[in-house]
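Heads up: the sequence lines are chains A and B, in that order.
Anchor point for the first sequence: position 96 equals 96 in the numbering used here, and the numbering is continuous, going up by one each time.
Anchor point for the second sequence: position 64 equals 64 in the numbering used here, and the numbering is continuous, going up by one each time.
No wet-lab data here; the hints were simulated from the structure.
Some hints here could point you the wrong way.
[To be verified] Derived Cβ-Cβ restraints for the label pairs, each shown as a range:
(1) B/N84 / A/Q8: 20 to 30 angstroms
(2) B/S7 / A/L48: 34 to 44 angstroms
(3) A/Q83 / B/D38: 27 to 37 angstroms
(4) B/E69 / A/T20: 42 to 52 angstroms
(5) A/D18 / B/A81: 46 to 56 angstroms
[To be verified] Distance condition first, Cα-Cα at most 30 angstroms in a straight line; then the derived DSSO-like pairs of lysine-lysine:
(6) B/K14 / B/K83
(7) A/K70 / B/K70
(8) B/K9 / A/K109
(9) A/K38 / B/K57
(10) B/K83 / A/K3
(11) A/K3 / B/K57
(12) B/K57 / B/K9
(13) A/K109 / B/K14
(14) B/K83 / A/K109
(15) A/K109 / B/K57
(16) B/K71 / A/K38
(17) B/K70 / B/K83
[What the hints assert, rightly or not] Part of the chain A face toward chain B, derived, beta carbon under 8 angstroms:
(18) F47
(19) R50
(20) R104
(21) L105
The beta-carbon is built from N, C-alpha and C at its ideal position, and this holds for glycine as well.
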Amino acid sequence: AQKVTQAQTEISVVEKEDVTLDCVYETRDTTYYLFWYKQPPSGELVFLIRRNSFDEQNEISGRYSWNFQKSTSSFNFTITASQVVDSAVYFCALSEAAREGNNRLAFGKGNQVVVIP
Amino acid sequence: DGGITQSPKYLFRKEGQNVTLSCEQNLNHDAMYWYRQDPGQGLRLIYYSQIVNDFQKGDIAEGYSVSREKKESFPLTVTSAQKNPTAFYLCASSISGGTGELFFGEGSRLTVL
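So that you can see chain A by itself, here it is in the shape it has in the complex (with noise of 0.2 angstroms):
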């Protein structure tokens, strides 16, 4: 079984602030694979980020940024310094693909982001 939970469900903040979105999953498998997506008001999930089990190495791209933890099963995300055009809904998800040999993916309950100018 796999399971990604988001707790938090809808974050607003005033545009140049941070915010950081948490992400915990819970899955038996030692090979997964982690993602986030960016769902914007058109409805379109835009893939971000995919991260496999086995590289935990931290990234910055532009204004965003991961923090992967094994230790605590969690895959945060950051956007520095917001925008209005950040504002959507962000969903974590998780794979057991390489076991099963198909991408089925278990999506998070999705963070709404509002950015306010």
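Given chain A, work out where chain B should sit, using these hints.
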């Protein structure tokens, strides 16, 4: 441009009617998926297909049916047996056996009156 096209974007139906949602992709992906999204519930997998003429039930398949006669197409039928069909439906595709990155369409919003 390559991508996934879902139609219609908005659909209304009366109770007791079946409705089919279209999903077409030109990414040459083997695998396709249907997810349902409800407010505050995240995305839940309805059906998925890894290859033409084959598909498997996801977590909430009851009241839905699919077909995969062509690689490019994966239509979803919401039947009258689905007790709560009003939702946002998302189609996705991926490289089969890959690392899990899904490409999504813009979704279809179904409202049952």
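Quick rundown of the hints versus the structure:
{"no.": "1", "hint": "B/N84 / A/Q8: 20 to 30 angstroms", "verdict": "26 angstroms, holds"}
{"no.": "2", "hint": "B/S7 / A/L48: 34 to 44 angstroms", "verdict": "26 angstroms, violated"}
{"no.": "3", "hint": "A/Q83 / B/D38: 27 to 37 angstroms", "verdict": "28 angstroms, holds"}
{"no.": "4", "hint": "B/E69 / A/T20: 42 to 52 angstroms", "verdict": "45 angstroms, holds"}
{"no.": "5", "hint": "A/D18 / B/A81: 46 to 56 angstroms", "verdict": "47 angstroms, holds"}
{"no.": "6", "hint": "B/K14 / B/K83", "verdict": "12 angstroms, holds"}
{"no.": "7", "hint": "A/K70 / B/K70", "verdict": "40 angstroms, violated"}
{"no.": "8", "hint": "B/K9 / A/K109", "verdict": "23 angstroms, holds"}
{"no.": "9", "hint": "A/K38 / B/K57", "verdict": "26 angstroms, holds"}
{"no.": "10", "hint": "B/K83 / A/K3", "verdict": "25 angstroms, holds"}
{"no.": "11", "hint": "A/K3 / B/K57", "verdict": "18 angstroms, holds"}
{"no.": "12", "hint": "B/K57 / B/K9", "verdict": "24 angstroms, holds"}
{"no.": "13", "hint": "A/K109 / B/K14", "verdict": "29 angstroms, holds"}
{"no.": "14", "hint": "B/K83 / A/K109", "verdict": "22 angstroms, holds"}
{"no.": "15", "hint": "A/K109 / B/K57", "verdict": "21 angstroms, holds"}
{"no.": "16", "hint": "B/K71 / A/K38", "verdict": "27 angstroms, holds"}
{"no.": "17", "hint": "B/K70 / B/K83", "verdict": "29 angstroms, holds"}
{"no.": "18", "hint": "F47", "verdict": "6 angstroms, holds"}
{"no.": "19", "hint": "R50", "verdict": "6 angstroms, holds"}
{"no.": "20", "hint": "R104", "verdict": "6 angstroms, holds"}
{"no.": "21", "hint": "L105", "verdict": "6 angstroms, holds"}
Checked against the numbered hints listed earlier, the structure breaks hints 2 and 7; every other hint is satisfied.
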